[in-house]
Structure formats: C-alpha cells, structure tokens
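Student: As a plain string of letters, each chain reads:
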Amino acid sequence: MIEITLAHYLALATILFCIGLIGVLRRKNLLLLFMATEIMLNSVNIGFAAIGHYYGDLSGQMFAFFVIAIAASEVAVGLGLLIVWYKRTGSIDLDSLSSMRG
Amino acid sequence: MEIYLYIALFAPLVGSLIAGIFGASKKLLFTGIVTSSLLALSFFSSIVLLVHLLGGGDEIHVEMMTWIAAGELYIPFGFLVDEISATMMMVVTLVSTLVHIYSIGYMKHDAGFNRFFSYLSAFVFSMMVLVMSDNFAGLFIGWEGVGLCSWLLIGFWYKKDIATWSANEAFIMNRIADLGMLIGIFLIYWNTGSLQYDTVFAAAPSLDETILVLIALFLFIGAMGKSAQFPLHTWLADAMEGPTPVSALIHAATMVTAGVYLVVRAHPIYELTPDVSYFIACVGAFVAIFAASMALVNRDIKRIIAYSTLSQLGYMFVAAGLGAYWVALFHLMAHAFFKALLFLGAGNVMHAMRDELDPYKMGGLFKVMKYTAILMIIASVALAGIFPLAGFFSKDKILEVAFGSENYILWGVLWVSAGLTAFYSFRLIMLTFFSDSRYKKLGFDPHEAYPYMLWAMAPLALLAIIAGWFEHQFVEFVTQALPMFTFNVADVVWMLIVVTTLIALGGIALAIWTYRDGPLDPKWERNPIHKLLINEYYIPAAYERCISRPYRELSAFFWKEVDLKVVDYTVDLIASMVYGSGKKTHTMQNGNLSSMLGWVAAGAVLLLLAVIFSSGIQVAG
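Chains as they are written, first to last, in this note's numbering: chain P, 1037 to 1138; chain H, 837 to 1457.
Honestly, the hints are just simulated from the structure, not real lab data. These numbers come from a predicted model, not from an experiment. Even for Gly, the Cβ is constructed at its ideal location relative to N, Cα and C. Heads up, a few of these hints could be off.
What the hints assert, rightly or not - Part of the chain H face toward chain P, derived, beta carbon under 10 Å:
#: 1; residue: Leu1341
#: 2; residue: Gly1342
#: 3; residue: Ser1430
#: 4; residue: Ser1431
#: 5; residue: Leu1433
Next up, chain H with everything else stripped away, as it sits in the complex:
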C-alpha cells in the first residue's frame, strides 16, 4: 500500500518537473497531457488508498526519511493516510485532474502553456504534502508551498499590473496569517516537545488551558489567512485575476480548504478549547452572511463565485467550530465539486465572451452555450441546496448542527445566508444565460467550449448531483478518525428541512422574477445599501487608506530620511574615503625607481618598527 501513497504524493511533482523543463519553450501539447495523466495516476492511487481504508484496512503511516534531527528535535518526512487525509486526497486529486484536462483547452492559445502546467501540478503537490503530512512541520511546508504556487498562478499573466498586484496581495495576506500559524506551531513544540500529530494530540489534554487557547487561536489565525476569513478575506476576490482554472483549483480543492482541513485535523485541540471553537463558529457565520451580501450586487461573474466560496467556507467553519468536524469535511467535499464546476463554467463563458466578466453585458447565452448553461445551473442548484443535490445534504446538515446545538442566532444567520446564496447564484444564471441577448449589441460572438472541456466538467456535475447520497457511508467512514457529533433534532428535522428549502426556493424564485428582463434599473445603484455592497463594505478602501497608504508614506519617509541620509551616506562616505585616499596616494606609483625604492625602504622601516613595538609590548605584558 505504501507504493500507492508515494505515487499519489509524487506523481504531481514529477509532472510539474517535466512540464517545468519546457517552461521557457513554446507551447508543447504533451506537457499538458503528461501532467494530466500523472495526476490521473495520483487520483487512481488515492482511490486505491481510499478503498483500502473503506475495506477496513489500517491507516497507513510511513516515514520516508529523517528531515531534521538535532538534539531533542526530531522531525521526519512522515506521511499519514487516515480517513481524513484520504478524503482530502480524493477530493484534491479528482478536482485537480479534471481542472488539468480542462486547462488543456482553456490555455490552448496561451504562450505560457508549459509553465502553467508546471505551476498547476506543483500547486497540487503542495496541497498533497499539506494533507498527507503526519506532523505540523510537514503541514507547514505544504502550507507555504500552496502559498507560493498561488502567488505564481494568480500572477500568471504577470504583464498585467493588476495581476501582479493581486498576486502580491494574496501572498502578503497569507504571510500575515502564516506568522500566526508559525507561532502556534512553536507553542506546540515548546509545550509538548514534538510536532507529530499523535504525540501532540496525546499530550494536549495535560496542557495548561491558557496555552491550549493560545495554540488554538494562533492556528486558527493561520487558517483564517488561507481560508480567507474576515478580516483577511480581500485577497480571495482579487485572486480572480489569475486564469480561471486556477480559480477553480484554489476555490475547490487546493488552497482555501486548507484552513478548514487544519481545524479538522487539529480537532483534539479545538475540542479542549470550547471558547475558541465558538469564536470560530461565530467568525464563520459572520463571513457566511457578509460574503453572501457582497455577492448580491457584484458585476463580475468570477467575483460573485469567489464571494460564494467565502460564504461557504464560513459555513464549514461554523460546523467545525460547533464540533461537527465530519459535517465540515462533508461540506468541503460537496462544495469542491460544485464550486469547481461553477468556475469551469465561468471559464467557458469568459472564453466565449473574450474575457468579458460583466454579466450585464451577457444575457441569453443559453441559446449558444446550452451545455455550459446546464452544467452551471446544476452547480448553482447544488450550491443553493435544493434536494436531492449535494449542497442540500451538506448545507442542511450544518444548519441542523447549528439548530441542534441550540445556537439559534448562528442558525438564523446561516438560514438567511442560504436564501442569499440561492438569490445570487440565480442572479448570475439569469443575467448570464437568460433574458435578452445584450451581448449582440456589443458585438460579441460567443461560441460553446471544446467538447473535451465539457467532458472534463461532466464528472463534477455528476458528483455535484450524487455526492450527497453517500452521506451515511461518509459518516461511518470519517467518524473512525473524527468524533461523532450527536445532536437531537429528530422531532424538528423535517421542519428545518422545509424551512431551509423554502428560503432557498424563495431566493431562486426572487432572483428569476427580479432579473427576468435582464439587469435592474440603474436607479437601484444609487441606493446607499447597493453602494455599500458594491464597494465591499469599503473594506479594501479602508485597508488602502489605513494600512497601505500610511505604510507607503512611512516607507517613503524612511527611504528619504533614513536610507538616503544615514545608510547610503555612510556607505558613500566609506567609498569616497577609499577613493580619495587612492587619488592622493597614486602619485606614489610614478614609475621613478628611486622614489619607489624610497617607499620600499619606508615600508620596511615601518614594518620593522611595528615588529619592535609589538614584541616590546609582549615583553612588557
């Protein structure tokens, strides 16, 4: 079984290296095919491992080699495949494989084709390291690798200023959170003397409560950055500057889910700190409604989907915060399928519309892009949580958890968000695919994507429909590694389902009715609430004004006053002293033998004196 573990882990790396060799050459189709097939191999191995675990096999724990061994510190390159990581591996490799295949079509005319596949596979490899590592240090390596690859991919079109800006923003925001994560890891090592999951979790109950709370909080700060939770959420929407398959990968499989994975993985710590867990749930609920509200008015199809991801991540954190870790993982999985599908569909639309993102300029695309439209509608219905699609099972479970643990406020917030989710999803669908064909006036000539791109999306669509049906098997499987969450809502469960479905259907109906004739009257846009939402609660502007600009001014001050007048001046002074002394003494070397002999003699005398005085000092000492 170990061989499958290594294949699953290293196949993406091999693909990345092969594609990387040809990074600077012109487009070679086989780099795309090789990376895709290697990922398919990785997916196959993950499935074998999953089947092995499903069949009652033991979890696989290997130690590939020693990484750091110094004194008491011992960190191996160890990998662990248990129920949690097997689920994550399956989701990551499946979505990544399909995204790779899709990208062969999407990036067809891009000059950086080979480079793109190299980065994409490296991204998947980092994520695999992250989920498969058996210690916090290995997790951190994957964590940073994911951050690096996201930077490379968001800024893939580096000739666009906005793309490099967004890439840097994502990177810097993640660095801020990573500092928290790193402090958390240091605290763990400081107090337990190990970073191995099993040792740490075994030692956790005997730790001081303050220390535990600090560890839990700092780890969550790391998770907040990667999973783009408030207040570190702005990078996620700006990350849409990258190529669309990257967005699909970031949002569905490889990056933002890392934060949820961390909380799920570290559940023994979070179980001991109920206050921190409750805080996580509250942040999650806040982000769920906060992001959903911003998605309501946005005029960029990718950003709408990005905010929807943010909102769904909020749901996952609510579940994880309330102790229902398996529900969080379940929603993570279901969400990965339909979110990847939505993004790939958006990619098709973008291609058809020559990179136009404003749905106000689309409309009526159903006629020309029937298959894409159907796939996106499936994804949206799943996202909205309509029976019997995947989103219904996973999202409803989170609402039941919130209700069952008597957090009625959290439940209410999530319930409203569910309505908003349905509304913005169908606003997007209506504006893009239905109503009148506004694109015709603007001179666009949309066309359907290549068939194999649609085929790559088909498995996702299938999973978006059926993933929820395996809830019982999923629960049985992951609760071998995760605690079973018990809550009693049996007497009201039907009522909850009806109420949630009603608000979702209501949201859909409202969206269809509101946007039946295309965009709303522009007078709506003068509404202060609309202004607030379209400006993203003025948070990016506030960050710009309160953090970026003062920082830039401070930097300019230090540059002009400290760097130029102190540091540079000192360096220049040393240089000019050396230069000046050289200028003054170069007459020494005038080529006249007798004066040169004079200098030789003077030097000899000086050396002699030096020897005499130094030996005299030694004698005296």
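Only chain P is shown next, with the shape it has when bound in the complex:
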C-alpha cells in the first residue's frame, strides 16, 4: 500500500480542476455549467486543505471554508437568475445568451 502524499492530493486537485474546466468550456447547459464550476471550486478546496495540512497551518482550511460559503451564495444567486432566465426564454442553453454580441 502506497503512502498518500501532498503530491497525490495536488494531482487530484489538478485533475478535478481540469475536468471542471473542460465542463465549463464544453457544456451548453447552464445548469451543468454551474456543476462544473462547483467541481473547479472544490478542486481548489482540496488543494487548500492539503497544503494547509502539509504546513500545519490552519489558514488553508479556513480559506476552504470561505470558498464553500461564497460558492454556496454564488450558486443561490446564480440559480435564482437562471430560473428567471428560464421563465423569460424557456431555455437554459448557453448559446441563447448572446445579447452581449459586440
């Protein structure tokens, strides 16, 4: 049985971050976009917690809590907007959101 080191945690965080990033870039459904964002945030949380543990410093964990709190509020606001958008247009496809065309 191999020992779990900091590198493993960071590798996991990186892999999760990349999965989240690909999700953000590839998915057209806004709801899935939010999920992908959550994956990215949580990958970062893993990184914070792991490094905080590695240095014996609690600031990492503290930061992770902050991120969780902010992510929760972000999702609340974001989902609220999303529902309003769905009521107005009947679609949550990302490509329909192009009113910012230059």
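Following the hints, position chain H against chain P.
Tutor: For chain H alone, kept in the frame of chain P given last:
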C-alpha cells in the same frame, strides 16, 4: 535711477500686452494712445538716464534676476546703461514714439489696428532688450525678438501672398545669419567661460588669435543678416510690403541698426582683429555703392528709400570697420532721424495716392501736399549730406575717417556713393513732388495727411536739421565708453569737405536737371545697365534659381521618394497591421459565452505558461 531703467525697458512691453488683449476685437482708439503714451514714458525715462550719464553719473548696471544658473554656466537677466546703450535707447524710443503717434493716423482705417500696436510695441521692447542687455545671451534674446516682431509686422497684411512671402524671406534670411551669431556666442562662452560683456572683453586680449578672428567673423555674420549687408540684403527691400510705419521703424530704429550696434558693442574684440575689421569696412563700402546704384533706377518710392538705408548702413560699417566706432554710432543716430522722416513722408504720399508706389505716376504733388513735401525735402537734403544738416556732419566724418586712415579706395567708393545718394534722393523728390501732375490723368485725388501725423514728423525734421550740431558733445559723451579715433586730416579737411559737398550738390543738380520734366524717355530703360540695376543685379533671380528652386526640387524629391515611400509607408504599414489584426480577431468577441470562456481559459493558460517559463529562466540564470 534703476527705476528709470525698468520703466524705459518695460513700458513698451506693458503697452504691447494691453494692446494685445484687444488684438482680436474691432478698432479701439485707446490702444494706440496707450501704447504711444507708454512709449513716450519710456522715452522720458531714457532721457533721464541720458541726462544722468551726461551729468557725469556712473553707468547703471542692474541684475534683475537669475536666468540660467547651471554648474559653471551663469547667465542673469542683467541690464546695462552706459554711454552706448543710452544713445541707442534715446534714438530707439524717440523714433518709436513718433512712429506710434503717426501710426494712429496711418492705420486709422485698418481692421487690425489693435494688433498692429501690440506688435509695434513688442518690436520696440525687443530692441530695448537688445541694446540694454549686459550679456550676449540677453542680446541674443532681443535679437530674436526683433526678428520675430519683424516677421509679424512685415507680414501684417497676411492676406496678401506677397506680404507673407516677404515676411518669410526676412525671417529665413535672418535665421541664416543668426546661426553665425549663435556660433560666435558659443565660441565666446567656450573660450572665456562667460557671456557678460565686461568679463568677455577683459578676457579677449589673452585669447588665441585664430579664435578671436572666428568669433569676430561669426558675430559679424549675425550683424550682416540683421543689417542686411551683402549677400543677405535682399530681404530689406522686400520688407517694404509691411505697413509704412513699420518700414520707418525697421530702417531707422529697431532692426537694421542692431548689426551696427553689435559691432560697436563688441569693439574690444574687433580692435584685436584688424583683418576682420578691414573686411567689415570693405563689405560696408561695397554695399554703400552697390545699394546706391540700385536705388538710382527703382520705380517704387519705398524701395528707393530702402536701398538708401542699405547704402547708409554700409557707411556705418565702414566707420566701424576702420575703428571709428563713435562715428558709426553718430551716423546711426543722425540717419535714424532723417530716414524715419523720409519713410513717414513716403507713408503720407502712399496714403494720398491710395497705396500707389510708382513715382512715375505721381509728379506735382507739391501743390497738394506742401508740408509733406517740405519735410521730405529736409530729410533728403540731410541724407545727401548738405551743410548744415545732420547728414553732413555724420557722413562727412566717415569720409574723413576713410581718408585719414589712408584707405583711399574706400574713400573713393564712399565719395562716389555720396554723389549717387544725392542723385537718387532728389530723383525721388523731383518725380514725386515736382514736374507735371501725372496723377491727374490716372484719376488720383491726393490729399494732405492729418495734422497730427505731420506734427509727429516735425520733431524728426528738427532733429534731422540740428542733430549734427552736437557733434562735440556727442564725441565727448560716447568716447567715455568707446575708443577715441584719432586721424590726422587737419591740413586737407577743408578740401575733403568741399569735394564731398561738391559731389552731393552735383548729384542734386543733376537729378533736378534730369527729371525737370518728369520721367526720362522709356528708351533709357532698354539700356543694359538700366536693366541690370532695375533687376537688382539679378541677385534675387539668382537666389531663386540657384537656391530656392533647387531646394524646392530637392524637397519635392524627398517628399515623393522618401517621405511618401519610406516614412509614410512605414507608418501606414503599422496602422494596417494593427487594423488587420483587429479585423481578424474581432470574431473572438461574438457574444457567445462558451467561446468567450474558452478564450479566458486559453489566456489564463498562456499567462501561466509565461510565468512558469520566465521563472524557469530565472532559476536557470
């Protein structure tokens, strides 16, 4: 006493600024009156200073403030009133005041009335800075100020192409000479470490002779431009495009005399370089006869007077070149009075003839313009050098100097020029004021000028008559600052006076006899000598052909080949590259969130890579 110095210097500036405030508004009579009274105040202060010096007072030297102080270089705004500058100040402010008063009448119907007075006073202020400065840098500031104001005033009627052309010509010619002047000043600083007159002149004798010759030559090049000496003389005649009071000011007081003043001021340098001084005398003599010959045939009253100025400046340079600096200053002063008078008289004639300048179209104006005619005759007699008017004393002195220093060739040239001077002056008088009234056929209706314009001319006429009588006082006064020039002509002095007066009278008589019936037969104009003279020795044409035109062609070549094909092309290329890349990349901003997010991610990755590689390089380094 210092307060008078500041008043004399700054009153014209204040006047100029006040008139300048109203530069764009419609004619306001008070701008003319304010500038004239401030100049009168300046004149009054100059007189106080002159009296102070005449009464045996010390020269006044003030340092108003520091101008440039950097390391070893220290140039203050310092002003000096000694015998030389006091004389110049008196002449400048007197003539300028009268010209200002005269201009109130002359420019009466001009839309640019306020602007004109603003420029005119600024012109006088520049000249005051020039003559009062106690160092070469301050002199140069005044020198450039005079150049600028002359440009503004010659091109005053800027809607006329010829006026702007002449203004530019004057400006450019002066710039060429100013470069020489500037090199001279640099050489002075380089070798003496100062620009203050007293320091420089004290250090001058210990300088290397080659350096001294170079300094003297370069300073003289500057003087040649301002005083319109050959070969930089063409601007002076073309400068006649400006309003006539400006011509009076340029020719009598504020501009062309600056060159003579410079040579007189820098006399300790010129005394150490006899070869350069002799060269100056030769140039002066050449210009004296050269300009006088062109004045003989010209058909423009102002140009005739302009050439006469040129010729008289030549006389002054002969005197200065031969070491008789006080004689040069004396002639400068006397000349200022009668030349201003001549120009103002010409202004009256122009007004009467609705800006017609050709004396062939005048004739018989004596009947309608008696006072102007009398004033101009006084000025012409003074110019011709007839006893007892001012020109007799000053010009005769120059001839005596030339004879006494055994430069018989110079004397001969000046003697002939004296005859020519008398001839062209009276040719002008005869054609304008006497013989038959040719203007009647051409439908002119001349009238005399306003009385106050004539009154403004009266003091000049008085001075043109009496200025020469104060020769002894003048000599005693200025030789406190200038070397006394000794020459021994006592045994022949009467003969010289008689010979000179004879040729002057001969010239007058010949002119009166030749032009008793108006202009000569046109067949004279086919004479090759006449052609040569009327075309000003083809020098303007030669300048046009050899300098202006090749330069224009060269410029056109550089414009088409270098500017358009290299410089502009490079600039256009940069612009089109930026524009093209923008055109290609604007699809990035299509408003689609997911593709924009893609770009954000790509940018983040790029930045990350950049950070990684740069830190990797740092670690490796």
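Student: Hint by hint, note whether the structure agrees.
Tutor: Outcome of the hint check:
no. : hint    : in the structure
1   : Leu1341 : 93 Å, violated
2   : Gly1342 : 92 Å, violated
3   : Ser1430 : 5 Å, holds
4   : Ser1431 : 9 Å, holds
5   : Leu1433 : 6 Å, holds
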